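Please model the entire structure based on the sequences and the hints provided.
These protein sequence lines are chains A and B, in that order.
Per our numbering, residue 605 is the first one in the first sequence, and the count goes up by one each step.
Per our numbering, residue -6 is the first one in the second sequence, and the count goes up by one each step.
Quick list of the computed label-pair ranges, beta carbon to beta carbon:
#, chain 1, residue 1, chain 2, residue 2, range
1, B, Ala257, A, Asp978, 50 to 58 Å
2, B, Asp218, A, Val1041, 30 to 38 Å
3, B, Lys51, A, Gly905, 53 to 61 Å
4, A, Tyr1095, B, Glu539, 43 to 51 Å
5, A, Lys981, B, Leu404, 43 to 51 Å
6, A, Lys763, B, Ala257, 54 to 62 Å
7, A, Ile1065, B, Leu29, 26 to 34 Å
8, A, Gly905, B, Val46, 53 to 61 Å
9, B, Trp7, A, Val1041, 28 to 36 Å
10, B, Glu186, A, Leu777, 47 to 55 Å
11, B, Phe18, A, Leu777, 52 to 60 Å
Calculated pairs, BS3-like style, for lysine-lysine (alpha carbon to alpha carbon, straight line, at most 25 Å):
#, chain 1, residue 1, chain 2, residue 2
12, B, Lys21, A, Lys1059
13, B, Lys179, A, Lys1030
14, B, Lys21, A, Lys994
15, B, Lys219, A, Lys1030
16, A, Lys993, A, Lys709
17, B, Lys219, A, Lys1104
18, A, Lys981, A, Lys995
19, A, Lys993, B, Lys107
20, A, Lys1108, B, Lys219
21, A, Lys922, A, Lys981
22, A, Lys709, A, Lys763
23, A, Lys922, A, Lys767
24, A, Lys994, B, Lys107
25, A, Lys1059, B, Lys161
26, A, Lys922, B, Lys161
27, A, Lys922, A, Lys993
28, B, Lys21, A, Lys993
29, A, Lys763, A, Lys644
30, A, Lys763, A, Lys645
31, A, Lys995, B, Lys21
Just so you know, the hints here were simulated from the structure itself, not pulled from any lab data.
Note that the coordinates shown come from a computational prediction; the quantities given were computed from them, not determined experimentally.
All residues carry an ideal CB built from backbone N, CA and C; glycine is no exception.
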Amino acid sequence: MFLLQVIPSWKETLFLMPELQLTLFACFILVLDLLLPRGKKTLTAYAALIGIAFTLIGVAQVYYVTRNVLPTLIFYQMYVIDNFSFIFKVIVLISAAISIAISIKYLETEKELRGDYYSLLLFATVGMMFIASSYNLLMFYVSLELMAISVYVLVGYLKNNDKSNEAALKYFLLGAFSSGIFLYGVSLVYAITGELNLLEIAIKVSLFILGTDAKVGVGAHYLLAFAVALTGAGLLFKVAAVPFHMWAPDAYEGAPTPITAFMSVAVKAASYAMLARIFLVAFPALRTIKELPGWLPFFIGVAALTMTVGNIAAMTQKNTKRMLAYSSISQAGYILLGLIASNETGYTGLVFYILAYTLMNLGAFAIIILLRRDDIKGDRLENLSGLIKKKPVLAVMMLVFLISLAGIPPTSGFVGKYLLFAGLIKADNFWLNRLAVLAVLNTVISFYYYAQIIKAMFIDIPSDDKPINLNIFSTISLVFATVLTILIGIYPQPFIEISKSVTKNLAPVQVNQQTSPTPTPTPTNDSGIDPSIDPNLFPNVIPRK
Amino acid sequence: MKLFGIPILSLVTWLPLLGAIILIFVPKTQKEVIRLFANVWALLCFLVSLPLVFNFDKSLRGLQFIEDYQWIPLIGARYQIGIDGLSLSMVILTTLLGVIAIFSSWSAISERIKEYYIFLLMLQTGMLGTFVAVDMFLFYVFWEVMLVPMYFLIGIWGSERRLYSAIKFFLYTLVGSVLILLVIIKLYFMFPETVASAPGAYQEAVKLIAQDNQPMLAMLANAADKAISPNGTFNIWAMQAMGSARAVNGFSLIPLDLQLWLFAGLAIGFAIKVPMFPFHTWLPDAHTDAPTAGSVILAAILLKMGTYGFLRFNLPILGDACQDQRVLNIVVPLAIIGIIYGALCAMSQKDMKRLVAYSSVSHLGFAMLGMFALNPNGINGSIIHQINHGISTGALFLLVGVLYERRHTRLIEEYGGIAQKMPKYATLFMIFTLSSIGLPLLNGFIGEFLLLRGAFEANRKWAGFGVAGIVLGAAYMLWLFQRVFFGELENEKNQNLTDLNWREWVYFSPLLFLVFAIGIYPKPVLDYIERPTNTIVKQAKPFYFETGKGINLENLPASQKTPAQTNQGKTLPSPTPQSNPSTTPENNSSPSSDNTNRGSSNERTQ
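So, in structure tokens, the structure goes:
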């Protein structure tokens, strides 16, 4: 890893242990794959699961060691250790684990069982973990590419399947394009501010807005807005927000279903972590400004479009995979609401909803995957019909996931949506109130197509009588997801508490950097300063170099 | 409050769900066991709810049987439940109709009976929870949860167009509920600041609601105490106190503009459930296609949730908006259109069940009309009318179901002369028809009389339209009766009809009893709802009982024309018992010149 080259003190590497572990496991799986005979390749999946378990333990260890000095910046402030990064690491690790668990049987059925699949999945997860901890635009870009390139390959993993190949090509072209746009935005930001570190950018940008930086002319404002727009557009490609969503339905439909689940959950969560980090740490001052359209109106438009277009497009789908793909587009719109609200409730909602969404969406996909049997593709609506007669437990689980996705209590999806809407209403702004009304009406639209799946499962008669078999891994994943979805819905207190605490210090991080680049424990920011409201506070909070 | 050491209200609410959970573990093939268990359990749920009636203290204002536990402290949601007279009447209606609905399904439902009873019992908990919830968050959870089992009841066991009707029911109600959710969030966020701006006024409003009800005073004091509820509160009654509190100048603490917006959100949500005229189209479909038990529950209880919502949220919290001329000009005409239009539609129906369904639109129009008369007679009448509608329309759906079970058709033209074959059935049908029309000495009369009297007091024209609706109601019901029961028995298929069996008598008899009991001696029921009604009227119109008018400050009695006194108090209500519960509410209003505009805008059309 490139970080090793700039290591100021070898001790800092210890904080990277989880990521390094996972990387080692990914490499180990590649070797293991070569050594194993053809019939025994499933062992690589177990190795991957063990790797994730070790990494989770590692994350817990790092948390235990650093819990009193959070947040801490290491590696010349490129890498941040804070609660926000921990929660996202846990989310991506859990989604990777569930994706692997539900892949095992799927790959056997597809006869594409090879170890490099799991290795690539782990590499993508490493990229996501680095995204969660990045504090520097360049670092973000490299981590993003590590994630993206691994996923491009995974999408096209079914070599003999035309749709999979098409999906991979589309995803690769558009993904590379969006990475380019993002990089262009980053380069412009660097050109204007001369910084890549998020905090330094934030300071420069707020000075721009305050007009205290005499060297910068009027034109730079527009250039800055352009740069932020490009950065945002590049990221919105990754979360598949409308109008940057064109690739998503095809890529989601063509990809192997476990990868679709992984993309719609983990990739989205990581991209949201990145979006939140960049816009809340680096560009809070640009949220709304007088002479320029800040990013708030831009995001309001994107969120409104994303929710509505995603839902309306999903209504006509007969392919459940594609329907869930569109549904995950509209869900991305809801998550954006937390960023738009820009208050504590909104941020809490953002993290909480991603947590809830991870479980319910993975659960829904896991059931679609179980329907993939010998010669049944399992992704048509008819394949679900009469599920209540064949496997009542599966049908009830799917019902739980779907009503959670639709935001109906008592499920985690409802609490998450409640927090997101509450954030908007709390902001008490003319446009945000209207956005909240649009958002709640969208939940009604979304129920229409979820109800089609529910109808198929509970009311229609079975279309085939082939048995559905579960293996132990799918069972565990499904039970885990179902129980948590309901539990979080009934007693969300601890989860709201976690979400609230991780976003507390999201921005700005206090950096106490007098002389040395050695890691300095920084006191937590208890002043409750919300930089997105008052950019004037910035220079006071963070002493400049 | 605990009764015999058990939290009685929680027990009543959760017992049906417990039954549903037990049923999950009964094997599907044991049909008789499932049936028997569900029936016994439903009866048990009803019996458990009876102690609520006997232990209810009618002289106490506000909530009783309060249970208050921490739930999600970070967002301020608590598990708070309790009932006042209004909720009590709805709870008893729910448990009674719940057991009747389950009884009536014994032979009507033959397939997938396990799921059927599970959904019915789950629905029961959802409905009870909605009526007992004191916390808006909890209220909303129950309100929504209930939709899912109802969707399945219509969708799986319904008749021809059941899928269409089920999804239509769900989506319509969902639109309403999400709007309610937004209003709930808004109320939640504005509560701390609003109350902090006038703690004295809040205190007065709390006294008006709770009077000498110590547990409730404590609950409402805690709700407004930042130290105890740092994250705000969702307490409905605290919201009512905030909404009905009036600042020194007589203004409500919530500005009228905002009130109108909040009113719109809530009113659309509840009006869809009621359903009021332009939002009623889901009702005929859902009622017609639902299985008999589903129709009974829909008509008798689910529709009441809309009116209950109006009585709990709109009237007490947004009193000024309810009296605003702009609102009245929309709501009351819609209620009247609902009465007339529902009746006319009912008259033209060929399907008996659809006819009864449209009659619900008409009846609920009456309930809304009485409610928006905003005087004790109107609201009392409205509540009684809702209870009556639950009893008589529920019974009519059951009666149609009886015939449908025998002949598998609901078309009126298929029948005629049935009275010859089913005399007992015809008698019963006649009694419930007359009760629905509002014949004196039967229950329907009491409600209609009271609410029309209330409407007359508010505006004579309203009452005029209402009376026209009653005439139309008599027309469609009696015409239906005539076509189905009188004349020659021409249709061959009707030759073998059998009269009511003992099981059917069992579930009709309590309804029959109530029809006569409420009709002849309504005082026991009125006793329970009198206090909630008076509270609602006082909350919306502080001086109603002195002046008979709204908050028109020119009409203030001399005793009220004193400078504001108590609103400067920073402390929360000290629970001082008051000897006479019906004393003048002490309001912090003082007449000042700038109030005249506001007063006139709230004046009623006379």
